[in-house]
Structure formats: C-alpha cells, structure tokens
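K.L.:
Position chains P, B and X against the provided structure of chain U, taking the given hints into account.
Below are the chains, spelled out letter by letter.
Number of protein chains: 4
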Amino acid sequence: MFLETVRSEGLSHLSYLLGDESAGVCTVIDPRRDIEIYSDIAKTHDVRISHILETHVHEDFVSGSRELSAQTGATIYAGESNQRTFEHEAVKDGDTIQVGNLSLQAFHTPGHTPEHVCYRVSGGKGAKAPWGVFTGDTLFCGDIGRTDLLGAEQAEGMTRQLYHSLFDKLLPLGDELEIYPAHGKGSPCGGDIGDRLTSTLGYERRHNPKLQIDKEDEFVKNELGSLQPAPFYYSHLKDVNTHGPRVLACVPPIPMLDPHVFQIEMGKPDTVVLDTREIEAFGGGHIQGALNIALREEFPVWAGWMLKPDQRILLVLAEEDDLETVQRHLLRTGFEKNDGYLGKGMRGWFEAGLPFERISELSVHQLKRWIDSDWTDLQVLDVRSPAEWQQGHIPGALHLYAPFLQDHLHSFDRTKPIVTYCGSGYRASIAASMLKRGGFKEVYNIPGSMKAWRAAGYPLE
Amino acid sequence: MFLETVRSEGLSHLSYLLGDESAGVCTVIDPRRDIEIYSDIAKTHDVRISHILETHVHEDFVSGSRELSAQTGATIYAGESNQRTFEHEAVKDGDTIQVGNLSLQAFHTPGHTPEHVCYRVSGGKGAKAPWGVFTGDTLFCGDIGRTDLLGAEQAEGMTRQLYHSLFDKLLPLGDELEIYPAHGKGSPCGGDIGDRLTSTLGYERRHNPKLQIDKEDEFVKNELGSLQPAPFYYSHLKDVNTHGPRVLACVPPIPMLDPHVFQIEMGKPDTVVLDTREIEAFGGGHIQGALNIALREEFPVWAGWMLKPDQRILLVLAEEDDLETVQRHLLRTGFEKNDGYLGKGMRGWFEAGLPFERISELSVHQLKRWIDSDWTDLQVLDVRSPAEWQQGHIPGALHLYAPFLQDHLHSFDRTKPIVTYCGSGYRASIAASMLKRGGFKEVYNIPGSMKAWRAAGYPLE
Amino acid sequence: MFLETVRSEGLSHLSYLLGDESAGVCTVIDPRRDIEIYSDIAKTHDVRISHILETHVHEDFVSGSRELSAQTGATIYAGESNQRTFEHEAVKDGDTIQVGNLSLQAFHTPGHTPEHVCYRVSGGKGAKAPWGVFTGDTLFCGDIGRTDLLGAEQAEGMTRQLYHSLFDKLLPLGDELEIYPAHGKGSPCGGDIGDRLTSTLGYERRHNPKLQIDKEDEFVKNELGSLQPAPFYYSHLKDVNTHGPRVLACVPPIPMLDPHVFQIEMGKPDTVVLDTREIEAFGGGHIQGALNIALREEFPVWAGWMLKPDQRILLVLAEEDDLETVQRHLLRTGFEKNDGYLGKGMRGWFEAGLPFERISELSVHQLKRWIDSDWTDLQVLDVRSPAEWQQGHIPGALHLYAPFLQDHLHSFDRTKPIVTYCGSGYRASIAASMLKRGGFKEVYNIPGSMKAWRAAGYPLE
Amino acid sequence: MFLETVRSEGLSHLSYLLGDESAGVCTVIDPRRDIEIYSDIAKTHDVRISHILETHVHEDFVSGSRELSAQTGATIYAGESNQRTFEHEAVKDGDTIQVGNLSLQAFHTPGHTPEHVCYRVSGGKGAKAPWGVFTGDTLFCGDIGRTDLLGAEQAEGMTRQLYHSLFDKLLPLGDELEIYPAHGKGSPCGGDIGDRLTSTLGYERRHNPKLQIDKEDEFVKNELGSLQPAPFYYSHLKDVNTHGPRVLACVPPIPMLDPHVFQIEMGKPDTVVLDTREIEAFGGGHIQGALNIALREEFPVWAGWMLKPDQRILLVLAEEDDLETVQRHLLRTGFEKNDGYLGKGMRGWFEAGLPFERISELSVHQLKRWIDSDWTDLQVLDVRSPAEWQQGHIPGALHLYAPFLQDHLHSFDRTKPIVTYCGSGYRASIAASMLKRGGFKEVYNIPGSMKAWRAAGYPLE
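Chains as they are written, first to last, in this note's numbering: chain U, 267 to 727; chain P, 267 to 727; chain B, 267 to 727; chain X, 267 to 727.
Excised from the complex, chain U in its bound form (with noise of 0.2 Å):
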C-alpha cells in the first residue's frame, strides 16, 4: 500500500493516489486538471490508475477527473446528485469502493456542498482497521469548509447539515484517524485553514475552533458570522465541474509575440494585459492598462478573483521560464484564452521604444513622513479582506477589498494622490495596477504593506 499526496501550490488544493502495488491498481482522490503528475507516480509504483474518486463538486479549481478518465480509462465515483451530467458512478452513504486489497468506504457529509461525500480507508500491511479519511473540504487541519457557496439564502441550511455531517458522521469514526483534507493554508474554501497537512480526527475535535461549539444553533450563528467573501470564479467553476470540464488531452503552446504584434493584440475586444513580474519591477516600468498580478503562491486565487473566463489574455512574464508555469496555474482555475505573451519581455518592449508607465513604490517611512505631513490631501487605501482590516489598520486609511475595486473607482478622487497598500504589498500592487488603468494620476504602492508598518512600529487603528 502505498499514499502520496499531491500539492497544488497556490491554490492550496491536496489530492491523493492511494494504490496496492501487489494488485498492481491505485486511485486518485480529487485529482487538478494536469494530469501527468499523477500517471508519473502511479509509475513509479509500478500500478496503473484504475479508480478516480471525487469528495465533491469543486469551485476553486477545474477537476481533472475526467483527463484523468480520458487518458487511463479508469472510473470516476463521486457522491450522488442528479446535477452532473457527465458519466460517473454515483457513491451513496455506506457504500464501499475496492481498490485492490484497500476498502474506501463513503461517507456521505452534506454542508460544504450538498453531495459532498467522505472516504474512510482501511487496509495495506500493518492496518486492516481502518486508519484514515479523506475529507475533502468537510473538515481542513484547523478549520471547516465554507457553507454559503449555493448563496446567502441556502448557507443557514447548509451550516445545518455540515455540522451533523461533522458531530454525527466524521467525529465518532474515532480520535486515532488521520485525516486527508483537500485544502490546506489559504486556501478560501475554510476560513482560515492551519499549517498541518494531515491531522487527526482526536486533535481536531479536542483543538480545532470550530469543533469547539457543539451546540447547533450557536455553531451555525458563529459559522455565518465568520465568512469571508468567495472568489468570482468559483461559481463559473461549479459550473463547469458540474457539466465536466473539456478534455485537453495536450494543452497547446502560447504563442510568442512580438512587441508591436503585442501591441496590436492588446487592442482587441476583451483582452487584458496581464503582468506576472514581481511588484517592484512592475512599478519601474509597464505597458499602460496591465493589470499585476505578481507569479507568487498566491497567484490562482487572485487570477479567480480578477479576471473573466472569457477574456482573452496577454501575458508579460519576468521570464520565459514562467510562461509553463502561468498556464499551469491559469487552466486550473480555468482560463483557457492565452493568446501570447510577450516575447524577450519587457526588455523587447523597451528596446521597441514602445511607452510605459511607473507606480511607485513608497517605503512605509515614506508614508508615514507623508501622512504625518500633510494627510489632507492624500488617500490611503487598505484593500485587505474585512476580517484582516478588523484586525488593525493605518489610521485615517479607507478600506476596500481588491476585488470589488473595478466596481466602485468611482469611489475615489482621480485627481489626488492615492496609496494603496495590503498584508505584503502584493494586492496593493493589483489594485495600484487597477486604480492606474482607471485613469488616476498619481498612485502608490507599499511594498511590504502592514509587515512592514508593524516592523516599523508604527501605530494601528
């Protein structure tokens, strides 16, 4: 027997192979949309992928069971529901899926989504009781799956169920199971996911904040309260696991543009430049209109947040050796319209003697010398999450979060100076790109953002 565990940085998301070398099979619990990871390993054991095993309707990221299926033949499973309409073995409460000498009993779990199912497995040498569960995004290390993805008017039912799903069905399986999560840290289906991978069903309901409550009423008072808003892709994404995502089998190459060809292409209907160079660099220099969204772990979400399914995009990358990785990140959260990026980089756009534009950065010294000064004319904007803002913020700063920017510019004065800042600077620098396509004069950013003002010692409010 053997289990390995796969992480899809970025989005946070886990999934599992979970194989009997000596019945030569395995299964893939949850598996992302690039699939080879998943064939490699299953070769190094020496199996082939016989079972694909969903936990439930993902949001955050496009589910590559059926590439999976495509390229291997193997079988999907995933909890009823008379919603998906593609071909699927439908796995009810109780039933038992063989893996070779591995038994994966389902366990159905409604709350995050309605046909959300766990799987608990017992077998391979040494452990024919069972030991484990995979719990999708039923119960992370540390937190709960969010209950409001079916919208504001179902999340009180939702909450309902989800914690008979976890008092009645998950807990009493037995303190010494580990659990197998599909999400760990940052991940924004739970509210605020620990650092572990793995836990136990013990140290989860003597630890875990939200097992603590365990009267219903009061669990789902305080689950309501503590959500956080949901990505704009995650609905666009239901949908498409719902009905199966298209099979990519391979994922052709994004063309290489030159700078005029580029500049030619960004004039198109629907298109947007998007800047994956860390912030700095993108404030040093950039084509008017781009929108920054750094290449760092946290960049599929913020591509969720802020762009369309149907635009078509043009990246700049730091480097060539991004663009596998951009695309990678861009067709699990299901952007498919790469139309080129922009070949030697900004370095070709320079030397084309094409225009940019700068934002700069400010050191939080700097803004702090500035607002001590003269405050009247300056805007500070803190575009961090409600719950963060809550937390302590820069006095005298207004508070939007990034994502609802594009909608509510008009909220602030084009003319005046304006500093946006976040955790670490990397939405500021988002939201500086955006507040700067929309025409404001004079925007800043804060690299290093709050961590940096707090390093300073400087006060919150």
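Because the hints were derived from the structure by calculation, they are not lab data. Where hints are given, some of them may not hold.
Unchecked claim - One side only, chain P facing chain B, incomplete, derived with CB under 10 Å: (1) Gly551; (2) Pro713; (3) Trp719.
Beta carbons are placed, not taken as given, at the ideal position from N, Cα and C, and that holds for glycine.
P.N.:
Coordinates of chains P, B and X only, in the frame set by chain U:
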C-alpha cells in the same frame, strides 16, 4: 510551519524537516549522509537549517548530522550518552528545543538504544497543542524497534526498558497525536513494519500487534522470540555513528576503468567485483568471481549484509546512469572504497574478448519437473530468513539464510548441481553468485522464486 | 544569427535551426517528428519558427515538417515535385528564401532523390558572403547519398544525376564553405559516412573518396558497385513522407500491462513482442517468441529492418524509464501501434510464474574450442552485411545478412546447434531471437562477436 | 571520433572536447573552471579525459585546467613559457600530441599572448588529413585576437607577431580547414567577433576584414587604431592563470542571510551589495548603495569590469534559482568572496520594513520631451564604449564609458538631474546605480536606451 518527509529508499529511512517560515529557521531530524536534499528543501521554504536532532545512534545508515552541521553551522542535539565523541548538545528527558515558534520536547525512551529520545512537537498555525511525536526507532507503524543491537545478553534488559518507554511514556501522550518514525516497511530495525509512513498513537495503541500485549513479561518473551538476524554492517555503523563519521564535503567521482585496467584492479588484495545488474543479465554473462547485488530497492541492506567495510569495491553497472545511485547507497551504508567502475559495462568486457561465466536461470516449472524426476542429485537451497522459511518452502529443500552462506559453503557438494531460491530471485542470485565464486560447478537461480512457485500452484512444505 | 544542430541518435539524423535574433525568426531544416526540441531551442533565442525547409523526401525517418507547421503556423518549403500531396511552397533551382537577414538559396541537386535541393546560406554578423551549404543527403562528410532508393532500374540514372549535382553544382560553390549534411556516421542513407558532423566543400573535394573519381562513368560504376542493402522500412516511409505523415499533436501514453494481460495481448494477430533489454539479459531469460532489439544507438535502424509498419508492438523494457525513448524511436521510424508494455518488466513476468526461455551466451574462447573440436555438427552463422563479411570472418562460418534471415530460416538445420555472431553481438542477438522463435532448439549468441574474436587474436578467413 | 563544443555564455567562451571512443580517451581544450560539464560529456561517449590542452594564458576567465587535472589526473599541455608556475607539459612549435588515434599538432602563434599555440587536428573515420585548427584567441570568426594585453608599450610588437602568425602560419594551412576559436561574438578578447561559432581558413582569408590588409605596417596601424578598452579584471586573471588558480574541488554554498543580518553584513569593510535583478526592478526599489548588474548574458563581463577581486560580495537576486548561475559566473571570473545572499530577496527586505531607494525609468519619449524643453539643467550621460559613441549619440549628451565612471563622479553635478543611457539600458543602470551610490540626488535610467531612441526615429548626433 512546514513538515517535509525525506524517504531514503532501500534503507526505508525517514528523516524530517520541520520549520518555521516566519522565523526563517528549520530543524532536520535524523539526517542521512547525502545532505543536499535538506538544503534544497530548506531553500524552497526560504529558511536556513538551524538545528539538527538525532533520536538515537543509528546502526543502519551513516548519520548525516556532522556533514550537515559542517555545511550549515547548525547545532546537533542528541540524547545524553557518555559514548558519543563528537560535538553535540546533550538532551535530557523533558528538555525543550525551540525552533522558531515550534517546540520539540524530548522524552527519554530507552530500549532500541540506551540513549534514545523521542521528540513531541507543538506549534504552527492552528496547532498550539502538541500534535505529533518523532518516535525514531522506538515505535513504528505496526511494529516496534528491535532490542538486540547491544548483543544478546543485554536484549532482555533493553526490551524491558522499551516496554516502559512505550507504555509509560509514549502512549499516554494522547491518541490524537501523529507519529513520525525513523523507518518504514522493510527496515531490519523493526520486525515487520507496516505500509503506512505515519500513524497515530491511538491507532498503534489499538492495532499495533506488539502493543496488544500489555503485560511486561509476556511482552518481553514475545519480543525476544520474534527477533530476526541483524545485518552484519550494523555493529560497524554503530561505532562510526558513535564517534562521528568522516565529513565528506564533496564526493570524488568514481573513475571509469577500461576492461583491461579493470581486470588488473580486480587482482589486487581485498577487492570485490560488485555487479549491480538484474539477475537474469548477471546470469546471462558475468565476470568470474563477481558478486551480484542487483540495484533494486533492497540494494543497500544487502550491500550491508554482504560487503566488508574495508573492502575495495569495483563496480559493474547495467548502465552508467546507475553510478550515482550506487555510490550514494554505498556511502550511506559506510562503504567508501569505491575504486572504479567498468567502462561501457559488460559490453566493453565482451568486446575486449575477456572471459565470462554464466548462471542458468530456471523457471519454477523446470525446477518442478527436475524435482519430480531425478531429485537425488539435486541440491535445492532456500536462502530466505528463518521466519520466511517457517511459513512454507519447497518440499525437500535445504535452508540457509543468504548472509550465512559465505561461512558455510563447505556444507554443500560442489560437484553436484545446486539451485538457489528466495522470495523473488534477488537474494537467490546473490547466493548463486557466491556459490559460483566458491567453485560450485553447476549453479542455477530461480527468478521469481517463491512468488512464482506459489503463483504456479505448486505444493509447499 | 545562430545555428544549432539537433542530432537524433540512432538514425544519425542531423537537423538544424538557423535564426536571426534581431528579426525574431528562425527556420528549421529537415525536422524530425518529435518537435519539442525545436520550440525549446527557438525559445532560448527568443525567436519564433517562421520557416521549415526540407532538402528532400526522407526515407529513413518520418518528417516533422507537418507537425511543426501545425504547431507554429510556419510555411514548409521543399524542392518542386509533382508527387508531394500536402501543402508546401515549391522551391526551384535558384530560388532564395529570406529568414530575417539570412538568405537561403536553393540548388536543385537530384541524385539521392529526384527533387532534392541544397540550400546555400549567407548572412549574419561578419558573414555577408555565403558561408555554408545544407547538403541534405547529397553530400556527407566522407561519403555521398545513396542512389538506389527509387529501385535498382533507376539507380544508374540517379547516380549520373548525382555526379552532376556534386561536380557541377556543389563543389564549384567554393572550398571555404562549410557543409551541413542531414546525416552523420552510421546512417544507411550513405555508404560509410565519416565521424565529423560538418566539413567543408574543399575538404570533401580533396579527401572524400567518392569525389576522387571525377570521370562520370567510373564514378557511376564505383557507386553502383558499392551499394549496401537498404532497410525494409525505407520504401514505406518514402510514401508516408510524400503524402504527409499524420499530425500527432500529442502522443498518447503507452499502457502498462500486467503479465497476465500481456500474455493475452501477445496472442492476438499481427503482434510482436519486442524486447529491448541488453543481449545478455535477453539471453538470461525472455518471453517465448520475443524479438530482441536492444536499446542501443542502432535501435531505430534495426527496428526499421525487423518490424512491419502495421504490426502491433508489445514492449519488454530493461526499465520503465526506457519507455519514452523507445516510443520516440518507434514514432520517428513510423511504428505507431504501440499497444502496451510489460509492467515491472521481466521481473513481473518471472514473479507471476510464467514460462520463459533462454539463449546461451558463448565467449569467443568457448566458440574457438568448439570449432576446434567437433565442428561437424555446429552451424556458425555470420549475420553481418556483405561488406563486413568480405573484410574477414570466422573460418568455416555461413553468411546471411540478419534482415534476410526471416525468409531463409529453412536454409539451416533446426535440430543442430547454431551460433550467431556479428560485429559486437547486437545483430547476432536479433538473429538468435528469430532463430529461437523459428523453432531452432539450440541457439547460441556471441556477445562481443568479431570485436572479441579479433581482440583474442583468433584467425580470420 | 567526436568533437563537442561547450559554450560559456556571457564570456562567449568556447571550449572543446575532442575524443576517440575506440581508444576510450579524450582531450579538453581550454576548459573553464566549473568542469562537471566536461566529465558529463566524456561519460556519454564512454571515454575518460586523458589530456588537457591550453592554447594560451587566458585573461577573461579562470582556467579550469588545474581543476580538471586534479579530478581526472589528465596531463596539462600548454605553449612553452617561463612564467607559468604550475605543473604542465610545455609544447613547442611542431610538437604533436596524440589522443588515441587523433593527432594535434602545435603551431606557435604569438600575438595575442607570447606563448600562444594553435592546434591542428587530424584523425577520425574519413578524416586522415588535417581537418581543423583550434585557433584560441589568435583567429576568430570575423576578427582576430587583441594584442594590447601586455600593455600599450608592447602592443605594436605583439601586433607584428600576430601578423606573422596569421599570414605565415595559419592561413597557409589550407582553405578547407575549419577553425575552432576560443571565443564567439561579444568577447572583449576580440574587437568585433562575428555570429558564427566556427568558420574556415578559406572563409576568413577571403572575408575577415582584418585579414584583407596583407601589408604588415598597414595591418599593425589598423589594429592598434581599433583597440577598445579591456575589462579591469583581465590583468588580475592573467596573474591567476599564470600561477595556477586555486583548485576548488567543491564549491561551498552561499549562505542565505535574513534582512537584518544582511544589513549588518553590508556595513562591514570592502563589501559591495550586488543586485542582479532586471533594471526596472532595481529602479522600482533597491537597497541603498547597491550596484545593479542584471543577470543577463553580459553579466560576467560587467562583473569583471565593476567588481574588485578581493571585495566581499553580498547578493540580491530576482529569485533564489539565480543563485547557482550567479555564483558560477563569479567563480569563472575569479570573484570568490561570495558571503551571502538576501533571503526572500527584496520582498524580505520590504516586509522587514527596511528603507529602500528608487531610480526612475524614463522612456525615450519622456527624455525627448525633456531635452526639447528645459535642456539647460539636465545632464544626459552616454556610458557606451568610445566606438559606439562615435557611431552616433543623443544630441547634447555627455560621454564617459561606464567602467571609468567610478573615478570620475566629480565630473558631474550631484545636485542636478542626470539621465544615463547606453545601448539597451543595461550599462546605463549600472552607471545609474553608481551615481546614486555616489550621492547624486536625481538619477534617471533609460530602459531600451539607444535601441529605443533609434526605434522611435529620434535624431542622432
């Protein structure tokens, strides 16, 4: 916080990196000798290696602690012992080591070795309470550490100590804690370790066969009765690790030798030709006197059984790309005199017109027919461990565990045909190569061995 | 300007990227079918592939022009021919193709094929004057292109054309020009190509043995007299390349089959088991009826000789990592029905208890002793090419070139021992596997073969 | 026989492996200091490195001959010189070195250096006659070696020697010979080397501009008049290579420093902060006093110009993956005191709340507008080489070649705005970083620089 597991295949060794990104530091627990992997992982998390923790003096691999400390300047921590002669920080029962915001509390758990400590860990986002234990060779998934490595006369005392370490120290820490042992399936440091890489104290308390016996005397009796032979190189490596292995800094490449030079080098004293090709390739044609230990996962353990620490080793490889892996395995197990490898492999040898020998591979069907006909002359030798032998063998076979063959060649008749078999043909080929070297005229190996015999449905005794 | 050479080992095929970084474009000359390497190289130079040039209709590998054009949109240029049926730009003698600042002027050089063109190149910094010629299969380093591929009756006419192409078109271009041929040493497209990858017109004019004969009739007579047999797959690939090979876009992975499934698949019609392990491993134990073509450099040519285009192929590999290379070689030479490979290799087969066969490897010393003693019964078969045979062979040996063996098995006595040899044992093992499959009872192979025989100082005939 | 070229980008250095597979040996010609690549290539050809040939004492990179000899035991061959102080075999005019079946005949060709030798090669299948010359720094594609490296007073004498080496020794060897020089395009060891990596004696004789002047006095006058400044590190490396560089064996990893430790280390004497990010990222935010040499191809040459051999170097990288490349470049050019790099890069610095500076990037359009309006206050500084300056510059600009800026900061007005430009913005950013460090208040860089200026169609002077 992050926790990464490094698996060293072959030795079934598990080492760990545990780090705190916010503080920029991490610790490595029980590092192996080829340490680049730890630096590489640390780099991906943007931390430096600040601490090195040993659970005990290892016997089955050369510890990498000194190597890693020499490269990084990190301090080595290890359980108090008056035998260790290299620089380290001695750890007492109850001591806590702080790695950024992570706490590692030491529990003295003698039994496998006298100075063994386990480390209980707490810390990280959502994980203030203790959540795991690095159990070293005290507790494995489905088994416990062997207690006879100080010699037979001390085994009972050590087993009693282990009993108390397990029942009085480890198990009371809580069912919900995950365990991170130093070995997985296949390591001779445990009796019969299970498939899983991690488990929980609760699972082991309820399902580990060795922990189902909670009366001390019975526990001791059972344990002493189940011990299997330990590889010969263990005692040598215990010395090496007690006094601190030589720091390599960088490993000199093994020179390629052309066939004629190889032939001359072979003739020098204390030299072994080690042929790491698959068994049927070895059988098809090999250099006279060569020892066949094929480069499968079990290679390092069998190298440890069959080679002597001060022997000069000359290599015959299936392909040049195997060189790095073979050298890595040999260095991990303390074999440093790797004086050359045969250029162009056996092909070079063949084309130089040099003489070679063969060992015929027999199928189980051929063996069965032979046994059924003229059994009288034929010696069928089972070279598996005593435990395997007892679970059933080919009727009429002789038994001698492969490692003991070298000293008992005289027990068999050199002039009559001899057939070797084991579980899969791997150890049988080692034995066959030793018999051939020992002057046996007609030696056969059985690829597939007991697996094939059982698959064919032939009778067992 | 840059010029990069892509070598396809095995086929000794040379293709080229020639580009102009300042203009951002490049051309590929005579691309192979697996085209990623061209895109990768183009990317490192920050150019796109804008042109594809064919020197002629290749016979020895599937052209990658259509594949590359489908991926990049580049135009295919090729010598005028009324047979080609896929889209391309026809090139006439004297035409110039402009790739950025580089000029490629076409010279019609019939002989190897009727529509063959060479391209003379000029351009790049410090290189305004023409500096090189892409000579395709017209002129190699130390040899010239074969002229019999349209069939024996046209060979004389083609040779006369080649004479004029060489002496009247190419050589007059100037001694100082470098030549970039489509093949290096070992390709059956030339007779006996030299070691160098490039040369100069002057060097070839002065030292190429074929060009030392400057009288047409003598040249023709010499050339026709020196022709060696061409691999069987050549005529098939000429058709494929004339009508345009299928565009693959992406290659489906070859499925892993477990031994029992493999055994069933073997039984289906038109199926060959292709064992790519080294010869002594094949000899040590192989599946009945398997064909041994070891994965050395000469693999693709021998696959071309021994396999049929429409045969289903089942693979036995030395290790799983060989799969990609083997598949690549098979696709390059037009074998597309790769229906599976044996999971865990022969080890899996052995452990499943399935039957296998052996071919004994004899050393040349054993062979010599045998010949010296009871020569009468023994058949010694030399399977080298006629040219090699004429340069000396083992006294008393029979001769038949390996590719012709399949149709002449009846020429030998199935009931008597037969020993095969070649230059190194490689082709001898192919032949031995065919004899074994053909029902010969006692088959031996000589690893090292003539190299070993000569090294041992034994007499030749 | 095989010939492989190893390109060291940045230094435009070409070294060669030339080997004879049948004899199992090869030679490396003019190896660089990081030598793994030679061993790796030798391995793929199944040969060992038996000979090392130096054409001359290199000035632009640390020779790898001693390193390679220490690892392989190969003998070093080099032209006779009474200055070299490490062990080698002295080669005289006419000597022949035999590497298996290959012959390398030495021709003493003084001019670039006094002891320079070229090696004419013959041997290999189909290549008995000499077919190539390793020309070192005597003859390049489209140019010849510079003659002023012993100092201005000896330049004339050296040039006369070079004249005779070229016209009396090399060219007479025959038009059909290929040449393999030690440098390609971009190396300051030649004046203006062409794009091709190889050429022929005939091509150079007919088209190399320097060889069109066949009268000695005219040749000397032309050559002395065209010399460009040589990088400052050349004289240091000539010493290093004359006395034999230190053998590294293995390179210690550069430690990661957290921002606060980095800040402390910066303050120590003789320390430079070297920031290798792209110019606009540097402009967007950098550590005060940092020197910007971006990690483009020209990095090593500019490191050689701007750094001092004994300086402690602290690195700021675009990403951690650049570390190995940067270290490799620095070691090749003899900078060994690489004492640390900034953990998490500038992001770590920003988040620690530490102060930073900016340099504004101006587009050529902004510069043009500025020049057109209030030219009086503005200093526009062209930092290109004298030769580039003479081919046209921005009207009204000042000129000082970047390397000389450090000693001439006082020539400009610290209180007035200063704009730097070069060919592409690369050297301009180096210069801008030096001006900023030198206390200039208002510094601008022009990304794209002259390329952009020309592309925009603005006037030149």
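K.L.:
Confirm or reject each hint.
P.N.:
So, going through the hints one by one against the coordinates:
1. Gly551: With a closest approach of 4 Å, the P/Gly551 hint holds.
2. Pro713: holds (4 Å)
3. Trp719: Interface hint status for P/Trp719: holds (7 Å vs cutoff 10 Å).
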